[in-house]
Amino acid sequence: WIQYCKDHHRFNCQESIGETLPRMRLIDCLACPPSLVHGREAQSYFALSYVWGNCVDTSIRCPFPRLPEILPRVVEDAIVVTRNMGGRYLWVDRYCIPDSKKIKHEQISKMDIIYAGAELTIFAVAGKDASYGLPGVGKTTRRPQPSISIGGKTYVSTLGEPTGQIRHSQFWDRAWCFQELMLSRRRLIFTDEQVYFQCNSMHCLE
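In my numbering, the protein residues as written are -15 to 190.
If you are wondering where the hints come from, they were derived from the structure by calculation, not from laboratory data.
Virtual Cβ for every residue (Gly too), placed ideally from N, Cα, C.
Don't take every hint at face value.
[To be verified] Below, a list of computed lysine to any residue pairs in the SDA-like style, where the Cα atoms sit at most 25 Å apart:
| # | residue 1 | residue 2 |
| --- | --- | --- |
| 1 | Lys(-10) | Ser28 |
| 2 | Lys85 | Gln154 |
| 3 | Lys94 | Asp113 |
| 4 | Lys112 | Phe48 |
| 5 | Lys94 | Arg158 |
| 6 | Lys123 | Gly135 |
| 7 | Lys86 | Arg67 |
| 8 | Lys94 | Gly23 |
| 9 | Lys123 | Gln178 |
| 10 | Lys(-10) | Arg158 |
| 11 | Lys(-10) | Gln154 |
| 12 | Lys86 | Gln154 |
| 13 | Lys86 | Pro47 |
| 14 | Lys112 | His152 |
| 15 | Lys94 | Asn184 |
| 16 | Lys94 | Gln129 |
| 17 | Lys85 | Thr124 |
| 18 | Lys94 | Ser28 |
| 19 | Lys88 | His152 |
| 20 | Lys86 | Ser153 |
| 21 | Lys85 | Phe48 |
| 22 | Lys112 | Lys85 |
| 23 | Lys(-10) | Cys39 |
| 24 | Lys85 | Gln129 |
| 25 | Lys123 | Trp36 |
| 26 | Lys123 | Gln154 |
| 27 | Lys88 | His187 |
[To be verified] So the derived label-pair ranges between C-beta atoms look like this:
| # | residue 1 | residue 2 | range |
| --- | --- | --- | --- |
| 28 | His22 | His152 | 38 to 44 Å |
| 29 | Asn184 | Arg45 | 45 to 51 Å |
| 30 | Ser131 | Lys85 | 25 to 31 Å |
| 31 | Gly136 | Gly70 | 16 to 22 Å |
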């Protein structure tokens, strides 16, 4: 899906050209363990969009470039997805925005640049908080596909359109998540049943 988009949608889904974000940090997903690095101009990265919800953060803030030893499941899964898709760098607001009030305000005010500049945004639509994870990636399982056996044959229903799950999710109720959905060029959306891909020119279902 993504490679097809890159090869055929160069006009509608091309990388945004314009202002770059100073002092941007990214998670290096290939480092062992994953750690923070300073982003560079024209550097390719993925972004994560999720709902923190009632997830309890028991980790202690670590000095740059370290990340907490225990990360929320959605972040752990997003690191795995980034790595498995051939990416290296991932942007997650909670860990990539510095603590400095001035820089934090500066970067929060330019979230449009961050999400529009990402090669791909991973959307965690399932679940109510960051501890839920991405279904089908780590410990969070997918909802079973309905099936029935009759006369020695098994019939499996097709998966439904994911738009209904998206619009009835807690994710959809958050204004900034909706903004991130609109700003991103390419979107890989994880629901409880399947992965759904959207770009500015097409959408694909499993």
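The hints, checked one at a time:
no.: 1; hint: Lys(-10) <-> Ser28; verdict: holds, 13 Å
no.: 2; hint: Lys85 <-> Gln154; verdict: violated, 29 Å
no.: 3; hint: Lys94 <-> Asp113; verdict: holds, 24 Å
no.: 4; hint: Lys112 <-> Phe48; verdict: violated, 29 Å
no.: 5; hint: Lys94 <-> Arg158; verdict: holds, 18 Å
no.: 6; hint: Lys123 <-> Gly135; verdict: violated, 34 Å
no.: 7; hint: Lys86 <-> Arg67; verdict: violated, 32 Å
no.: 8; hint: Lys94 <-> Gly23; verdict: holds, 15 Å
no.: 9; hint: Lys123 <-> Gln178; verdict: holds, 15 Å
no.: 10; hint: Lys(-10) <-> Arg158; verdict: violated, 29 Å
no.: 11; hint: Lys(-10) <-> Gln154; verdict: violated, 31 Å
no.: 12; hint: Lys86 <-> Gln154; verdict: violated, 30 Å
no.: 13; hint: Lys86 <-> Pro47; verdict: holds, 18 Å
no.: 14; hint: Lys112 <-> His152; verdict: holds, 11 Å
no.: 15; hint: Lys94 <-> Asn184; verdict: holds, 21 Å
no.: 16; hint: Lys94 <-> Gln129; verdict: violated, 40 Å
no.: 17; hint: Lys85 <-> Thr124; verdict: violated, 35 Å
no.: 18; hint: Lys94 <-> Ser28; verdict: holds, 18 Å
no.: 19; hint: Lys88 <-> His152; verdict: violated, 31 Å
no.: 20; hint: Lys86 <-> Ser153; verdict: violated, 33 Å
no.: 21; hint: Lys85 <-> Phe48; verdict: holds, 16 Å
no.: 22; hint: Lys112 <-> Lys85; verdict: violated, 28 Å
no.: 23; hint: Lys(-10) <-> Cys39; verdict: violated, 35 Å
no.: 24; hint: Lys85 <-> Gln129; verdict: violated, 47 Å
no.: 25; hint: Lys123 <-> Trp36; verdict: holds, 18 Å
no.: 26; hint: Lys123 <-> Gln154; verdict: holds, 21 Å
no.: 27; hint: Lys88 <-> His187; verdict: violated, 34 Å
no.: 28; hint: His22 <-> His152: 38 to 44 Å; verdict: holds, 39 Å
no.: 29; hint: Asn184 <-> Arg45: 45 to 51 Å; verdict: violated, 37 Å
no.: 30; hint: Ser131 <-> Lys85: 25 to 31 Å; verdict: violated, 54 Å
no.: 31; hint: Gly136 <-> Gly70: 16 to 22 Å; verdict: violated, 42 Å
Taken one by one, the earlier hints fail for this structure at numbers 2, 4, 6, 7, 10, 11, 12, 16, 17, 19, 20, 22, 23, 24, 27, 29, 30 and 31, listed in ascending order.
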